[in-house]
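Engineer: Assemble chain B with the ligands onto chain A, guided by the hints.
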Amino acid sequence: MTATQAPGKSVGAPISRVEGHLKVRGAATYAYEHRLDEPAYLHPLQSTIANGRVAKIDASRAEAEPGVVAVLTHENAPKLEAVGDAELEILQNGEVGFRGQFIGAVIADTFEAARYAAGLVEIEYEERETDADFRPDRDDLYTPEQLNAGFEPDTSVGDVDGALASAAVKFDATYTTPREHNNPMEPHSSIAVWDEGELTLYESTQGVYWTQNTIAPLFGLDAEKVHVISPHVGGGFGSKGLPHANVVLAALAAMLVEGRPVKFALTRHMMFSVAGYRTPTIQRIRLGADAEGKLSAICNDVVEQTSKIKEFAEQTGTSARMMYDSSNIQTTHLLAALDVAVPSWLRAPGEAPGMFALESAMDEMAIECDLDPVEFRIMNEPEKDLESGLPFSSRGLVACLREGAERFGWDGRNPTPRSERDGRWLVGTGVASSVYPVFSMGGNAATIRADSDGKYVVEIGAADIGTGTWTTLGQIAADELGVSFEDVEMKIGDTKFPNASGAGGSSGITSWGSTLVEAARSLREKIEAEHGGNIPDEGVEASAKMPKNPHRKEYAMYAFGAHFVEARVDEDTGEVRVPRMTSVFAAGRIINAKTARSQFMGGMVMGLSAALHEESVLDTRFGHVVNHDFAEYHIPTNADVGELDISWIEEDDPYVNPMGSKGIGEIGIVGSAAAVANAVYHATGTRVRELPITPDKLIS
Amino acid sequence: MRQRLAGHSVPFLPPGMVSGFEFQEKHMFGDRQFAEGRMFAFPSHYLKGDGFMDAEITLRVDGEEHRLTVDTRTTILDALRESIGNTSPKKGCDHGQCGACTVLLDGRRVNSCLTLAVAHDGAEVTTSEGLSENGELHPMHRSFMEHDAFQCGYCTPGQIVSAVGMLDEVEAGWTSHATEDGENVSLSDEEIRERMSGNLCRCAAYANMLPAIKEVSDR
Ligand code: FES
Ligand code: FES
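Line by line, the protein sequences are chains A and B.
For the first sequence, counting from 1, position 253 maps to 252 in numbering that gives the first Met the number 0; every step adds exactly one.
For the second sequence, counting from 1, position 95 maps to 94 in numbering that gives the first Met the number 0; every step adds exactly one.
Chain A with its partners taken away, still in its complex shape:
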C-alpha cells in the first residue's frame, strides 16, 4: 500500500518500504559502495595455523608487486590500546589464537593487485598443538560467570532430581545443534579513512554507535572522533552487531595511508572465520510428568563451545526456565574453550538452539504421555514467569497454538508415525512453540524538527538491516505527531544523528520507537506551550531520551508463537521437503503488516534452514571450517521454500512500550527447526536429535 495514510493511522498499515525504489534498482548505497577519491584496496593475510605465533614474515615480494602500496604486519602495525578484547586487538604481536585470524594485510591500488600480492607474502609460524575438539566429556569444561545478555548460567527452582525420581513418566535425551554461520548476503565491509586524527568508517553494521563505542577506545579516541556511516545494510542476523576484527584491520591499514580511503570487504570464505557464528551446543533435556501429562520437572543441561581468546556464552537454556509450568526447573551451562574463531550472535542466540531441544523433547514427551502435542503444551501453560515470579505482560502462546491448529488443519491428525504416504513420499506433520523476550536497550535519543510547511524530520542513529526501520520508525513518529506518514522524513544510520542502540535482540523498535514517541510528545508540547499551537516560520525542534519503562519491574515480557509444518520424506533417498508451514505469532501490536510478515517469514525460513541444511563442519585437526562457501554450506534456495501461511493474533499489551509492540526479528526462527524435526519424526518414525536433518540420518 502506498496510498496516503490519514494522520494517526500509519501504525499497523502495510506500507511499502520507503527505500524500496533504491533497493530494487541497486541504487541504495551499501558500505563498500560509497564513492570516494582514490581508494586503496585491502586484502588480508590470515593465519594458516590455529595456535602459535608468527615467527617470520617476509613481505618483500609482495611489496615489489606493481600496485602494492603497503604491507601491514604485526611488525609495523600502529599500536592499539589494550581494551581486553583479544578478538579486536589484532597485529599487536605475532600471536595466533585461531585459524583464519588476521595477521596482516596488503594494501594496493587495485583489488586484483592486493589479492594477488597477499599470496606472495611468506609467513613462517611457530606452531603449538591445536585443541579444537568439542566433546561433552572434556575434563576442562567450566561454568561461565554469566551468559550472553547477562543471564545467570545455572538456575534451579524446586528439586528436579527428586521430581524426576518420582515422576510417572520420565524422559531423558540429548540433542545437538551445529556450528552455523550468519552469512548475510552482503559480506562485512568497510571503507576506513583517517583525517587529522579522526576516523570515518563507511560500515556495514547493525549499530553505528555500537561500532563507534567499540572502535574508538581501541584507537585511544574519544567516541565523537569516530564517524560511522551506514544507511543501508545487506543483512546481519547478529554478525554485524558488534564490530569484528575486519573493521580494526581496515582502520589500521588506513593509518598507513593516512588520508586515503581503504576499502575492505570480506570474501565469502572469510565470513567463515572472522565474522562470528553460532556456537555448537549439546543439550541434555530431562522431563518428568505425572500420569495425566502434567509436567513436574524440566531440566536442560547445556554444553557449548567458546574460543580461548574471547568468551561467548550462548544463553541456550534460558527458554526452559519460563516456557512451561513445573514446580521443579533446572538449567546449567558449561563451556569448552578451544582454539577456534570467536562465536557470537546469530539470530535468537540462546532461544534458537535451546528451543530446538526443548520443543523436540516436548514432542517426544507428548508421545510418551499419549497426548496430542498441541494439547500437551496447552495443559502445561504456566500462570506466571516461574523464574522471576512476575506475571506475564501478555502471553499468547495458547491462542497461537489454537489458531495455528485451525489454519493448518491439525485436528483429526493420526498420531501414529508413518501413517500417511504419497507414493515414495512419507508425509508427516509437526508442531512447536516459539518464544522471544521483549528486550530494550539503553542509550537512545532522538531529535524531531517541524518545519512551517508541516513537514517533519526525525533523526536517530538507528539501523535498517532489512528490518524495515526506515519505514516503521516513520509510521511511529507520524502517529505520535498526529500527521500523515508522507509528512515525516526519517534520518538514520549515521553517528551524526542522535545516539541509538543497534538492531539486536529484536529490541530496535522498542528502544528507538519509545524514544521517538517521547520526542514527538515533547515537540507537540513545545509547539503548544511556546508557539500557541502553530509551527513558527523558522521551524522548531525538540529532542528526547528514551524514558524508563516502569512496568519492566512488574511484568515478564515475551512474544510467543506456534509453528505447524508438513514434511515429506523420500523413503529411498531420505530427502526432506517442506511443502507448507503455518506460523502464528503473538507479538503485541504489529507496526507494519507488510514488513512484519517478511521478518517473520525470514526467521521461519532460517529455522527451516537450520533444520535441514546448515552445518559448518570444523576440521578439528586444523581448526577451520571446511565447507566455507555457498556451494557447500547450504542455505535454502527459492525451490526449497514452499507455501508459508503467516499470521498474528491481535494482542493489546500496554506494558511493553508506548507502541504496544514486541520485537519480531528473531521469534520466527525460534522453534521452527523443532517443528520440522517433529514432522519428520511423524512422517518416518525416525527421531533425529542432531541438526541438521540430512538424508544420511534418515536412511537406516
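Incorrect hints may appear among the rest.
[Said to hold, decoys possible] Taking beta-carbon pairs under 10 Å as the criterion, some of the chain A residues facing chain B (in silico): (1) Arg-34; (2) Thr-109; (3) Gly-235; (4) Thr-466; (5) Met-605.
The hints are simulated quantities; they were obtained by calculation from the structure and are not laboratory data.
Please read these numbers as outputs of a predicted model, since none were measured by experiment.
Ideal Cβ positions, reconstructed from N, Cα and C, are used throughout, including at glycine.
Structural biologist: Okay, now just chain B with the ligands, sitting in the frame of chain A:
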C-alpha cells in the same frame, strides 16, 4: 580488443598466443596446465616491473558506452562496481554461488563475478538500474516493491535481473529441471522457484518473489 602491455616487452609468449584475450579463450579451459598455474601467474611472471597487464575494452552498460582499461584479472562485476561506478549488481560471494552479481550480458543472465571483463570487449551489459526506462521503474521493480520481495535489498538487483532474464528464457521455450514433460514449458510456481534458485536470499524473501514474478509474467 587492443592489448596494452604498459610499455613492457614480453620476454616469452606461449606458442599460439597472440594476446591475453586469445590466450584465455583458447587455452584456459582446454589446457589444464595453463589454467591452473601459469595463466594466473602471468601478469607478474611475464611482466616484471611496475606495470600491470592491462587491456583496453569497451562495454555498453545500461545503454551507455564506456571505454575502459582493465586489469586482465578484472571481472565484469568489479569493472562495473569499481571502474565504472555502477554498484547495482552486488558481490555476495565472488564465486558464482549466490547470484547477487547477476546481469544481462548480451541479453542473457550471467554471474558477472565469473565473467572476465577482458573476454567481453564490446559486450552489452544490463544491470537492474538499466531495466528502468526514462526514469520509470521496470514492472519487475514495482512488483518486487509491492510484494515486499526483499528485506535488506542486497540480493535484490540480482534477483530482479534474473527474473527478467528468466522470463525471456521461458518465452524462448527453454526447459528446466521442473519442466513436467521435459519439453513444453508452462510457467508453474515450481518452474519459477526452480529457475530462480541460482539467486540466494539470506533474508528469505523467496515466498514474496514468487507472486511478484508471477504478477509480471501474467501481464
Ligand atoms: S557474487 Fe557472483 S554469484 Fe555471488
Ligand atoms: S533481501 Fe536480503 S538477501 Fe535477499
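Engineer: Each hint needs a verdict: does it hold in this structure or not?
Structural biologist: We went through each hint and held it up to the structure:
1. Arg-34: Given a least distance of 6 Å, the restraint on Arg-34/A holds.
2. Thr-109: Holds: closest Cβ of chain B sits about 6 Å from Thr-109/A, inside 10 Å.
3. Gly-235: Holds - the Cβ of Gly-235/A comes within 10 Å of chain B, reaching about 8 Å at its closest.
4. Thr-466: holds (7 Å)
5. Met-605: holds (6 Å)
Hint compliance for this structure: every hint is met.
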